[in-house]
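Residues per chain, in single letters:
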Amino acid sequence: MSEQKDLKRIEEEKARWETETLKPALAQTPERAERFTTVSMTPVERLYTPTDLPEWDYAKELGFPGEYPYTRGVQPTMYRGKLWTMRMFAGYGTAVETNRRFKYLLEQGQMGLSTAFDLPTLMGYDSDHPSSAGEVGKCGVAIDSLADMETLFEGIPLGEVTTSMTISSPAAVLWAMYIAVCEKQGVPYHQIGGTVQNDILKEYIAQKEYIYPITPSVRLVTDTILFGARHLPRWNTVSISGYHIREAGATALQELAFTLADGMVYVEESIKAGLEVDAFAPRLSFFFDCHNDLFEEVAKFRAARRLWARIMRERFGAKDPRSWLLRTHAQTAGCSLTAQQPRNNVIRVTIQALAAVLGGTQSLHTNAMDEALALPTEEAATIALRTQQIIAHESGVTNTVDPVAGSYYVETLTNQMEEGVWEYFRRIDDLGGMIRAIEKGFPQREIADAAYAYQQAIERGEKIIVGVNRFTEEQEEPIPTLTIDREAEERQVERLQALRRLRDKDAVMRSLEALRQAAAGNDPWGKDLLMPRILDAVRAYATLGEIMDVFREVWGEYKEPSII
Amino acid sequence: MAAKVEKKIRVLIAKPGLDGHDRGAKVIARAFRDAGMEVIYTGLRQTPEMIVSAAIQEDVDAIGMSCLSGAHMYLFPRVMELLKERGVDDILVFGGGTIPTDDIPKLKAAGLATIFTPGTTTTEAIEFVKHNIKNKDLINE
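Order-wise, the sequence lines are chains H and S.
Each residue of the first sequence is one higher than the last, beginning at 40 in our numbering.
Each residue of the second sequence is one higher than the last, beginning at 711 in our numbering.
Rather than coming from a laboratory, the hints here were simulated on the basis of the structure.
There could be a bad hint or two in this list.
Claimed, not checked - Computed beta-carbon distance windows for the label pairs:
#1 H:D317 to S:E768: 37 to 47 angstroms
#2 S:E837 to H:G595: 35 to 45 angstroms
#3 S:E837 to H:V505: 17 to 27 angstroms
Said to hold, decoys possible - Derived, one-sided and incomplete: chain H residues facing chain S with beta-carbon distance under 7 angstroms:
#4 P104
#5 T190
#6 K247
#7 T377
#8 A378
#9 R382
#10 I386
#11 I390
#12 A411
#13 Q494
#14 A496
#15 P519
#16 T520
#17 D524
#18 I603
Every residue gets a Cβ at the ideal spot worked out from N, C-alpha and C, and that includes glycine.
Whole structure, please, built from the sequences with the hints as guidance.
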């Protein structure tokens with residue numbers, strides 16, 4: 040950063056300050072704690088100065104916004120040009136109810152849709168499957184077939200709105216349903232924009248909504264990347280997700296390391312499938328969590344962009360600058376919300392959202408204050424959206440690009456984050472790559488250890504959670520929560536059974552048989568591509584469960600190693 | 711000098727239903743183990759039938775269930791029903807997860823001893839189990 044002699048002078052001055060000013064102050068008033076750490080338990084020093092950045096090179100570490108290595112942001116003007124997409128996650132009950140919520144959110148100024156599916160849908164079961172009992176429509180919308188998808192987007196112009204769908208194991212099928220709805224609305228393929236989560240590796244690591252063994256699951260993902268690269272150039276076929284990794288208890292560093300390691304697997308596999316890296320890399324997107332520790336989170340986003348740019352350019356030889364860009368959606372940390380004094384969650388969410396914005400996210404979801412208790416009420420969801428709007432339009436932080444750059448603390452944290460990630464990559468490589476590491480339970484164990492350590496720090500009072508282990512109240516005023524209509528399950532099952540009676544059964548059987556042959560075939564990137572067959576099955580109104588069962592029969596199901 | 715055999719409290723930690731959010735279940739399982747209990751963790755996606763069978767087979771003193779999907783009003787009472795059908799009345803059953811405040815009295819009426827919501831400490835949970843298990847021989851203080 041500075042000339043050597045400047046650094047030496049600062050070091051000398053710092054030593055003087057420590058003796059003359061700091062020491063007597065400490066003697067009089069000791070600090071609040073022996074040691075200070077981030078929310079991820081990384082040590083935090085009292086003071087950061089240019090001496091913490093001895094080799095720091097502006098051009099190499101930061102560069103300029105919109106240019107390699109993108110530490111300062113993916114766009115040259117960032118939020119001066121365009122604000123991030125305010126994308127609130129929504130979905131509950133049946134397609135009819137969620138369609139209503141979607142329209143409400145669009146009227147409130149939301150810019151893109153984000154769909155939450157219920158657990159049977161996430162697990163590839165129809166609503167009348169025995170395992171679905173009690174779960175239908177509970178934490179997302181129930182989708183059994185194209186008919187439900189048609190209802191979900193009725194009256195919403197899919198050529199104008201982009202849609203994100205949070206689904207992984209059955210992502211190919213839900214995406215096919217979405218494409219089929221676009222076909223019916225007359226939207227040409229090249230205009231269809233949005234994201235399907237489709238990150239199966241993080242399911243084995245953290246969220247655990249896996250179905251099949253890892254290898255065929257990754258094939259399914261690669262198949263969608265291939266299809267997207269050929270036919271839907273505006274669609275993000277994978278949103279490589281750290282969110283769930285963090286929610287499962289990972290530190291910020293672990294979240295970053297494991298997410299990028301997962302991303303590298305998709306790149307390697309797509310190259311193996313015969314794609315040029317630049318043909319698909321620009322359509323990979325990311326999804327990160329954003330916790331309470333403002334500067335640590337900002338550093339995470341900045342380090343993420345720099346790391347991915349280096350990985351894509353140096354490891355994979357990508358030449359198109361768009362392939363170097365890490366574009367991300369962020370969501371405030373659900374795991375940080377408390378059931379105690381739930382209104383305090385509004386403030387937590389504000390700090391987290393601010394961190395995501397200072398970190399330079401492209402899209403943001405803010406959690407609602409009641410989410411430690413239930414799905415958000417309309418009022419709580421509106422406050423969460425207003426939080427983003429206030430940051431965007433009133434706080435002033437959007438008026439200049441990467442305003443925290445050059446902070447000795449933030450730049451040091453960013454560097455530490457990057458170094459720590461490279462160290463994790465070495466450990467993962469030693470285990471034989473990320474897929475092997477997951478099979479051995481490595482990331483799972485690291486995360487479980489971090490979760491436990493954090494919980495213990497809270498219980499020792501080392502980490503203070505307002506309203507939980509400090510500033511508690513005996514009697515708390517409850518807040519209203521959303522109740523999911525109990526009859527939604529019955530209505531959905533009736534609707535599904537009516538569909539099974541009405542559709543062309545022979546067409547369904549034929550399409551499923553073609554899919555079965557492709558899944559069992561041994562030319563996965565040639566004649567056995569899955570997406571076109573899935574699309575045929577979906578158009579014939581085969582149900583999600585029927586399609587996923589074809590794969591269950593051919594590939595079997597995954598059993599996870601038990602780790603406590 | 712008669713050697714006193716100290717029997718440990720046995721707890722089954724279960725994840726009923728389809729959700730895979732097992733952070734809370736794992737943290738509580740580890741904390742119970744560190745507190746000297748014997749812990750059996752079922753792993754994910756257990757039906758109420760599987761949970762009740764495992765609890766009987768393992769002869770546990772307590773069952774702790776974690777659910778974040780909103781299906782607790784179906785899954786938790788179903789476990790209580792099945793325990794009753796099998797004539798089991800000496801197991802302490804408790805739950806945790808994302809549970810709306812309004813549902814807690816209903817779950818207690820269904821026979822659950824308590825519900826831990828996000829923010830509960832492992833110490834509180836350990837103390838609760840130690841003081842409330844039905845086999846009073848195990849309460850040694």
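So the hint says 35 to 45 angstroms: do the beta-carbon atoms of E837 of chain S and G595 of chain H match that? holds (43 angstroms)
Tell me if I386 of chain H is really an interface residue toward chain S, meaning its C-beta lies closer than 7 angstroms to one of theirs. violated (16 angstroms)
Was the hint right that T377 of chain H lines chain S, CB cutoff 7 angstroms? Check passed: Cβ of T377 of chain H comes within 5 angstroms of chain S, closer than 7 angstroms.
Consistency of beta-carbon spacing, E768 of chain S to D317 of chain H, with hint 37 to 47 angstroms: violated (55 angstroms)
With 7 angstroms as the cut and Cβ atoms as the points, is K247 of chain H at the interface with chain S? holds (3 angstroms)
Chain S contact restraint on P519 of chain H - CB to CB distance below 7 angstroms: Since chain S brings no Cβ nearer than about 9 angstroms to P519 of chain H, farther than 7 angstroms, the hint is violated.
Tell me if the interface restraint on Q494 of chain H is satisfied: Cβ within less than 7 angstroms of some Cβ in chain S. Result: holds, 5 angstroms to nearest chain S Cβ.
Quick one, is the A496 of chain H hint okay against chain S at 7 angstroms, beta carbons? Constraint on A496 of chain H not satisfied, violated at 12 angstroms.
Restraint check, 7 angstroms cut-off on beta carbons, for D524 of chain H near chain S: violated (12 angstroms)
Can the hint on I603 of chain H be confirmed by a CB-to-CB distance to chain S that is less than 7 angstroms? Where the cut-off is 7 angstroms and the nearest Cβ of chain S is about 5 angstroms from I603 of chain H, the hint holds.
Minimum beta-carbon distance criterion (7 angstroms), A378 of chain H to chain S: holds (4 angstroms)
Does P104 of chain H hold up as a contact with chain S if the rule is Cβ-Cβ below 7 angstroms? Because about 36 angstroms separates P104 of chain H from the closest Cβ in chain S, which is outside the 7 angstroms limit, the hint is violated.
Against the hints set out earlier in the document, violations occur for numbers 1, 4, 5, 9, 10, 11, 14, 15 and 17.
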